[in-house]
Amino acid sequence: MDVAYAYSYFEGIDLTAIFIFVIIFLATVLWMTCPKSDIPGPRAWPIFGNILLVTQFNSTQKRVKFVEDMTRKYGPMFRMFLGPYQIVFVQGHKNVLDVLLKRGREFMDRPTFIPGIKLGEKVKGSKSYIKIAK
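Numbering (our numbering), first residue to last: 5 to 138.
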């Protein structure tokens, strides 16, 4: 009787749906754990990335300390994943010039990711930019 109950419980689950879920999960794990470039960074969790590391800080001082610790551990240029988005932290004048001038093609397809700023806001000529400039 218990076997019949267990069978009826899983009867509604399609094997194809389970297979697709497993494939997507494994692809996400591989995508987030295999580095795309030579930029070091902490290991990311599937789907969440490193967002669990970042959300524990409730003050600016703690966030700055976290970035300083990551800089000591991984160097002046490191990467993190916030969900599916790869974020690259670059510190120092020489490193910023290196990224902008020498490695521009590697970084040019990165989306603008600034929390709290809407697309087009703070752009020269936009209404909010003109209000700030005045």
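The set of hints was computed from the structure by calculation and includes no laboratory data.
Accuracy of the hints is not assured; some may be wrong.
Below, computed lysine-lysine pairings styled on BS3-like, alpha-carbon distance capped at 30 Å [what the hints assert, rightly or not]:
no., residue 1, residue 2
1, Lys98, Lys69
2, Lys106, Lys77
3, Lys66, Lys98
4, Lys77, Lys66
Hints versus structure:
1. This hinted pair checks out: Lys98 and Lys69 have alpha carbons roughly 22 Å apart, not beyond 30 Å.
2. For the given pair, Lys106 sits about 24 Å from Lys77 by alpha-carbon distance, which is consistent with the 30 Å threshold.
3. Between Lys66 and Lys98, the direct Cα distance comes to roughly 26 Å. Compliance with the 30 Å bound is thereby established for this hinted pair.
4. Annotation: proposed proximity of Lys77 to Lys66 holds, straight-line Cα distance about 16 Å (limit 30 Å).
No hint from the list above goes unmet by this structure.
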